[in-house]
Amino acid sequence: MNLTLNVWRQKNRNDPGRFVTYQATNISPDMSFLEMLDVVNQELIMRGEEPIAFDHDCREGICGMCGLMINGVAHGPEQTTTCQLHMRSFKDGDTITIEPWRASAFPVIKDLVVDRSAFDRIIAAGGYISVSTGSAPDGNAIPIPKDAADKAMDAAACIGCGACVAACPNASAMLFVGAKVTHLGLLPQGQPERYQRAVRMVEQMDAEGFGGCTNIGECSAVCPKGISLDVIARLNRDLLVATIKGVR
Amino acid sequence: MATTETKPTTARPATELTPSPLDARIPPGPLEQKWERHKFELKLVNPANKRRYTIIVVGSGLAGSSAAATMAELGYNIKCFCYQDSPRRAHSIAAQGGINAAKNYRNDGDSVYRLFYDTIKGGDFRAREANVYRLAEVSLNIIDQCVAQGVPFAREYSGYLDNRSFGGAQVSRTFYARGQTGQQLLLGAYQALERQIGLGKVQMFPRTEMLDLVVIDGRARGIITRDMVTGKIERHIADAVVLATGGYGNVFYLSTNAKGCNATAIWRAHRKGAFFGNPCFTQIHPTCIPVTGDHQSKLTLMSESLRNDGRVWVPKRKGDTRPPNEIPEDERDYFLERKYPSYGNLAPRDIASRAAKEVCDEGRGVGPGGLGVYLDFADAIKRLGRRVIEERYGNLFDMYLRITGEDPYEVPFRIYPAVHYTMGGLWVDYNLMSTIPGLFVIGEANFSDHGANRLGASALMQGLADGYFILPYTIGDYLARGGIAKADTSHAAFAEAEAEVTERINRLLSINGRRTVDSFHRELGKLLWDYCGMARNEAGLKKALERIPELRAEFWENVRVPGEGGELNQELEKAGRVADFLELAELMCIDALHRAESCGGHFREEYQTEDGEAKRDDEHFAYVAAWQFTGVGNQPVLHKEPLNYEYVQLATRSYK
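Chains A and B are the protein sequences, given in the same order.
In this text, residue positions in the first sequence follow the numbering used here: the first is 3, and each later residue adds one.
In this text, residue positions in the second sequence follow the numbering used here: the first is 6, and each later residue adds one.
Since the hints were derived computationally from the structure, they do not count as laboratory data.
Treat the hints with caution; some may be incorrect.
As the list claims (entries may be wrong) - So the derived label-pair ranges between C-beta atoms look like this:
(1) B/V642 to A/P190: 54 to 62 Å
(2) B/S116 to A/G74: 53 to 61 Å
(3) A/L46 to B/S163: 53 to 61 Å
(4) B/E569 to A/P79: 31 to 39 Å
(5) A/S91 to B/R391: 20 to 28 Å
(6) B/E239 to A/T216: 21 to 29 Å
Stated by the list, open to error - Not close to chain A: a few residues of chain B, all C-beta gaps over 10 Å, as computed:
(7) R200
(8) S302
(9) S495
(10) E543
(11) E618
(12) D623
To be verified - DMTMM-like mimics (lysine to aspartate or glutamate), calculated; alpha carbons at most 25 Å apart, straight line:
(13) A/K93 to B/D403
(14) B/K321 to B/E367
(15) B/K531 to B/E551
(16) A/K13 to B/D523
(17) B/K620 to B/D366
(18) A/K148 to B/D299
(19) B/K206 to A/E210
(20) A/K153 to A/D94
(21) B/K237 to A/D17
(22) B/K44 to B/D149
(23) A/K13 to B/E578
(24) A/K148 to B/D167
(25) B/K531 to B/E363
(26) B/K321 to B/E411
(27) A/K153 to B/D149
(28) B/K579 to B/D622
(29) A/K153 to B/D167
(30) B/K579 to A/E51
(31) B/K579 to A/E45
(32) A/K93 to B/E395
(33) A/K93 to B/E363
(34) A/K153 to B/D403
(35) A/K13 to B/E239
(36) B/K579 to B/E505
(37) A/K148 to B/E505
(38) A/K93 to A/D32
(39) B/K645 to B/D616
(40) A/K148 to B/E578
Don't be surprised by glycine CBs; every beta carbon is placed ideally from N, CA and C.
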């Protein structure tokens, strides 16, 4: 199939950027979206033009490195990662607009590549259990109800791609933060630091310039791992308890 | 070919600097006590002195993150580097099935000794006994540590940890978190790492690529890096350097590795004097989604755990094009169950892959091009119900549907083997130190532990064993022994290495030829897959050894790398990596040609039993081949580390 692509090109962080139109020809429906871009890039290189820069790595939907706004939807029309989106989701003759994640906390580095290091700083602020190597009891010493373990796993499935932020009109990172707070907060091991964790992660989130949550739900709708809005409710509950308890 | 033989030494346990290039430093004493005694004999660095040392860790996967976090907890200053935008993206994250540990929670006869034995046998008797035993021992601690970090392992209704079975084992010792075990273990290690970053003990350098190793007075003292955003070339100095940069499967272009996985760090270290162990030992994983066309950019693995409940088959008749559901039971060949009745569909990876290749070569393969076999869940769904299957493998079924457009609940999976893991890597001694003093290599990047074939769910185990529980002890001994001279980044060795790196980048950018980096990479990959893949023979390897230097020469004359050095330039990144693959590929073929036997993943067609199984030659090849670099295009020097089996009897590996 043949497609018209409107692609965001931006030389570097300070460049204002603009859309450039390209033709993608002879695209197979079995190609992934990124393989389609590979084809376009190979042609650009041979024409003496600069290829389109985009982030990607595992190409199997788990590393969280890829992420494009496709026709205004984070990761495109299927609820999956961009690398797992296949061209069979499009029709011959379609025009596709491709943009980077847009959020002030995710500045554009080049073309479709953005800086998501704010997420790492949020985790560094408290998204962990403080257990140093060697101090752990036997793995079966603390039985964890299957239901709690399963729900923790649902939240822990977050891949940190940032689609939630890109989709949110407020560029809020509440789904990302809520997922980690829920994952660790559901487990007995995570209890000692539970409220402090929520407070510190949210403080860092605010410092990074992410917006507030107004319960729109776009984040969950585009999340490739289907993280539920419940994690935000849980985060808010932990924050409320933290306030009552005076946890800082 | 020049060779030197090194006698095994048992008397000298610690990290001394000696001229003998291949001293494995295996501690004396009974197998069960070696590590315990060795830990006691290793010198310690006093807690107050630890903060005076800086250690560089390159790579942030399971091995790198766990090592960096643990050493920072101990008090060392760590500089950690990764090429991705965050340490959480390292390719360990893609491991699906699970992690082995000899917990014996199932009461099914598992033990440290059994895990040790299975791993030695699974590796076709080409791994060191002492290393493997230690790995089995510390496997117990890994599970405890990960549970404490909050890794949400699968649980039973009782609340206790669940297990499943993996290939090459007759016990259930694999712990798992749905089909995302690697992700959850990596996030555990990543969170531990981020905690240390927050505490200021680790300085993290994401989007930064190591382009050379700096050696001063014979010791590894630093690295040269490129900031992948600004293109800035930088010098970093330390008291020791740890490489945790993963395997080199991407030399084949198509593999299950992430697109960015590369061999540059280990290859640059090899060029600086680190020996390369068993480069031809690569693992072809049996259950991957078949190639669909020339556009294919990578291959996707379907977890081995699927073979717990799925049955592998092809039609009995050649060229049978009926849809699978219309082929009656008695016209199907469940070839793994037929050939290996005691392990059945859970035969180890090398064996299952070869069996699949064999039936496809006979013309009984399925799907486009005939390069595929069925992995069928119809019986399992009938037996257990769809809900149970969804719970166990739901995400894998969804992934397959997404990629192929076929629903595996309705029609069987189509699978074919693909390059997945490299058992070879930089040679290390018992302390995980390479032949360059002060250069430690952990995880998939080193050659140890898995011999000629790795068992499923053992890569995660090894990465975390090295990072959490082995390296933090052994590196202290190296530092405590002193002798590391004061130096800074103005040293001539830094200037020289930086100049080489800059020169190479400028050269790549100036060629402006007529072929893209990818086109060279694809051609190299095809060459290796054809001649140094699932089956190898002398004629083919010789052909590859002729063709690779030609391709390399063409690359340096005709590659086109657009853009500039001082900016984000993904083609330049790829070009540097492919340039290194073009050298490494030659070494792999040299090693495969010299090893005139079949063992594990290294199947030489000339050496097979009557029924087509690998035929080892223990008399001549029971050694680790450690290669020394002598210049691009020059014959490398082979050093042999003999493998002495004191506990396990060398036997024909049978899964029948």
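We went through each hint and held it up to the structure:
no. : hint                         : in the structure
1   : B/V642 to A/P190: 54 to 62 Å : holds, 56 Å
2   : B/S116 to A/G74: 53 to 61 Å  : holds, 58 Å
3   : A/L46 to B/S163: 53 to 61 Å  : holds, 58 Å
4   : B/E569 to A/P79: 31 to 39 Å  : holds, 36 Å
5   : A/S91 to B/R391: 20 to 28 Å  : holds, 26 Å
6   : B/E239 to A/T216: 21 to 29 Å : violated, 43 Å
7   : R200                         : violated, 5 Å
8   : S302                         : violated, 5 Å
9   : S495                         : holds, 30 Å
10  : E543                         : holds, 35 Å
11  : E618                         : holds, 32 Å
12  : D623                         : holds, 38 Å
13  : A/K93 to B/D403              : holds, 23 Å
14  : B/K321 to B/E367             : holds, 10 Å
15  : B/K531 to B/E551             : holds, 15 Å
16  : A/K13 to B/D523              : holds, 23 Å
17  : B/K620 to B/D366             : holds, 20 Å
18  : A/K148 to B/D299             : violated, 45 Å
19  : B/K206 to A/E210             : holds, 22 Å
20  : A/K153 to A/D94              : violated, 41 Å
21  : B/K237 to A/D17              : holds, 19 Å
22  : B/K44 to B/D149              : holds, 20 Å
23  : A/K13 to B/E578              : holds, 17 Å
24  : A/K148 to B/D167             : holds, 10 Å
25  : B/K531 to B/E363             : holds, 19 Å
26  : B/K321 to B/E411             : holds, 23 Å
27  : A/K153 to B/D149             : holds, 21 Å
28  : B/K579 to B/D622             : violated, 39 Å
29  : A/K153 to B/D167             : holds, 16 Å
30  : B/K579 to A/E51              : holds, 17 Å
31  : B/K579 to A/E45              : holds, 17 Å
32  : A/K93 to B/E395              : violated, 31 Å
33  : A/K93 to B/E363              : violated, 39 Å
34  : A/K153 to B/D403             : holds, 19 Å
35  : A/K13 to B/E239              : holds, 23 Å
36  : B/K579 to B/E505             : holds, 18 Å
37  : A/K148 to B/E505             : violated, 56 Å
38  : A/K93 to A/D32               : holds, 12 Å
39  : B/K645 to B/D616             : violated, 31 Å
40  : A/K148 to B/E578             : violated, 45 Å
The structure shown violates the earlier hints numbered 6, 7, 8, 18, 20, 28, 32, 33, 37, 39, 40.
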